[in-house]
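Asks: Sequence:
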Amino acid sequence: MNRRERRRAEAVSRAAPQSVQNSDVARQYQDAVQFLKAGRLDESEIAHRRVLALSPKHPPSLHHLGLIAFQRRNLESAVEFVRQSVAAKPDYHEAWLNLAIILGELSRSKEAIEACRECVALQPKNANAHAVLGNLLRVANNDAEAMTAYLNALDLKPDQPIVLARLGELRLKSSDIESAKVYCKRALALDPELKEAKNLDLRLSAMLGLAGTRIADIEAQAGSAAERARKFDHLATHLRENRRFEEAADLCRRAIVADPGVADYHFNLALTYEGLGYRHDALASYKAGLAIDPDRAEGYACVGMLLSGMNMHTGAVQALEHAIKLNPKLAYAYYNLAIIHKLRENYDEARAAFQKCLECAPDEIVNRFEYVNLRRLICDWNGVDDEERACLEIFRAKDACVAPFQLIALRASPADQLKAAQSYTRTFDVPPPSRFSSHRSRLGAGQRIRIGFLSCDFFEHATAMLFAEVLERLDRDRFEIFGYCHSPEDNSATRQRLLRAFEHLKKIGTMRNRDVAQSIHDDAIDILVDLKGYTRDARSEIFAYRPAPIQVNYLGYPGTMGASFIDYIIADAMVAPMDAQEFYTERIVHLPHSYQPNDCQRQISDAPMSRADFGLPEDAFVFCSFNNSYKLNATMFDVWMPLLQQVPGSVLWLLVPNTTCAENLRREAEARGVDPARLVFAKRMPIAEHLARHRFADLFLDALPCNAHTTTTDALWGGLPVLTCLGDTFAGRVAASLLSAIELPELITTNLADYSRLAMELAQDKPKLEAIRNKLAIKKQSAPLFDPERYTRNLETSFETMLEIKRAGDAPRPFAVSEDKAMQIASSPIKIPAE
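Positions 1151 to 1985 (our numbering) are the ones given, in order, by the sequence shown.
Rather than coming from a laboratory, the hints here were simulated on the basis of the structure.
EDC-like cross-link-like pairs, simulated, lysine to aspartate or glutamate; straight-line CA separation at most 16 Å:
1) Lys1833 to Asp1763
2) Lys1929 to Glu1896
3) Lys1207 to Asp1241
4) Lys1548 to Asp1566
5) Lys1348 to Asp1367
6) Lys1260 to Asp1293
7) Lys1656 to Glu1639
8) Lys1479 to Glu1514
9) Lys1331 to Glu1346
10) Lys1323 to Glu1295
11) Lys1492 to Asp1687
12) Lys1437 to Asp1414
13) Lys1479 to Asp1445
14) Lys1260 to Asp1549
15) Lys1548 to Asp1513
16) Lys1335 to Asp1309
17) Lys1275 to Asp1305
18) Lys1656 to Asp1672
19) Lys1479 to Asp1513
20) Lys1929 to Glu1893
21) Lys1918 to Glu1896
22) Lys1657 to Glu1639
23) Lys1479 to Glu1509
24) Lys1548 to Glu1255
25) Lys1506 to Glu1471
26) Lys1323 to Glu1346
27) Lys1323 to Glu1391
28) Lys1275 to Asp1241
29) Lys1833 to Glu1813
30) Lys1656 to Glu1630
31) Lys1335 to Glu1346
The calculated label-pair distances, taken between Cβ atoms and stated as ranges, are:
32) Asp1535 to Asp1729: 28 to 38 Å
33) Ile1442 to Ser1374: 11 to 21 Å
34) His1589 to Arg1626: 14 to 24 Å
35) Ala1770 to Met1835: 20 to 30 Å
36) Arg1222 to Lys1345: 24 to 34 Å
37) Glu1509 to Arg1626: 51 to 61 Å
Glycine is no exception: its CB is placed at the ideal position from the N, C-alpha and C atoms.
Assemble the whole structure, with the sequences as input and the hints as a guide.
Replies: Right, here's the structure in full:
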């Protein structure tokens, strides 16, 4: 029995009731307590069970059995015993407190907090109970109440260094740096070696730019070179964690000079170089560390992740596999291996790697979410809805950091998406001292507004194909257009159009984020537009430096970025109603019709084609859904398969990425009583031919919870009616936005029952469907959706309005652009999420 367990045993024995009525019970109980004090858990358990044989609801023995189970890490059993003890004796405050601690170990925060509040109510003068309550509330991210609990604990017992340190952490988190310094100083005065207090002190030094002072202290006080190196490395770690990368790198190098033979110092420098964007230097530092410690699995795993980010996937796989060979339990090596296989469309290998990852870390929520998304991508739906629900429940209960895009195609609420975005942003946000605090004011008479667009999608990509014509039409008399490009060179016609349309184009692929931000700042950009958001290969870190006075989330990502450094999101009344402002950290801007631009110069192939060319029956009704496979799900198949059963000979035409996906979909159809042969799979083909083949389908069936976006536009441009169901999130309302803008609201439903009924009606009523198809052909020529000139003028007005608000000295605010270029500022109170 270790010292902590002995103290706990002595405490609980002191807390035991002094009078036990039955003499046999009393004797057995005293024996059990003595055994527990001596650390003889087995004998103590036997004695307590003898007590319960004589007195089945004996509260102290039930309590002690719970503590014995807790010491053995049988946590569920511990909860059961202690719950029985408080049921038998509701005023048993010691048991309530220990129940709270055990529930906290199980991450059952709500129950733990309730149990601890019971103890506090019974013993309001118990400083330890208030401190435990503070710990539980802090873990549950209820910072305000946690601070109150800690203050109550300190009022009762002021000399608690751990409580002081944790209160200091919360004050720092709430940006009350002065209070954090006071509590940190008090904690260190009581216990100079307390780890939490020392870490807080280093964090404060890092944040306050006191690294120079600390370096001087280390040089003056540290005895040996090895001791100096350790202290340099420790301070470097805190600077790196606070994104003070330049200072951290300097300290890492000092540590290496002082003691070059420590692998960890090289690894820390490598991580710091990664933060700076110096990938090749980071790789060299990892290799230096591995030369010292060639058996460090984590080092090889980091090399694999770095190489993957450099698109050197073969080397990345080799490094990750070597890491796994050294440590077969290294979960994040399997995770990153799975991600690479997924990117390379090696889905069987990706699945196997995720399964190994989850064996090693079954409770890691990020791994579980990513595996759910892989299974959705390959349409492996068996049990995946239950796993998705479980993941979302854990995500809602914990402070988990999940990449926001992982939630886009799941049944996540707007609040979930906001939480994910805000948590994710904190992983790369930069501290205020690193941001540009001022911007050159260069606008005067005759000066054009400088708009910068940043993306890696300036090639044959969906975003570029939507945006190309609008970029070409922006008024060069009023706007000066800059492009910041880290796109692949594909030599496509789309890329060439974009390159010609930018007045100034900077290729930033090899530049580090801070240098790109500096370049944008030097260009005196008035409005910087992020065309990526949180999608693959985004460089949102550039925006975190605040290189432009106005920064905008537009087109690339269908949701909030949860970032204080993004001022506006360009949307419309359908995808992001003003009453949804509470779920966006950006201020919502409404364009009049749809937020989505369109290129009306896209060619539709006139090459000879027939249904037979695509494996479609000549005379049957063809339902179509060219959604990406991750947007398909069991719920939609439960709607679609009855349509096939009730419309004789009909087929469902799908676009799938691989044979695994096709096989899974055939199995799902068969499970619903539909011949798998009635699923027809389309192959990917050049965009002009893809647009042309839409004419061989009769009705496009949209999906939920994530709609077809560009895919809806493709269908409508190709003359194919799209049936949608309105969802709850931005991503689930895009098709409705597009249908509204092309003036086909009759194809928007608000629930799946109506969606199914209308699909059946259109399949069985050919004149009605033909009338809609004819209306679509007419509206293509006149409705706002395919009027890029009209759209561009409205977009320009939105930019000008943003600038007018800024010039007036006002904070960003929601507004709507009207067709007569007058803005309509939202007049009703709007809830803004906390940043």
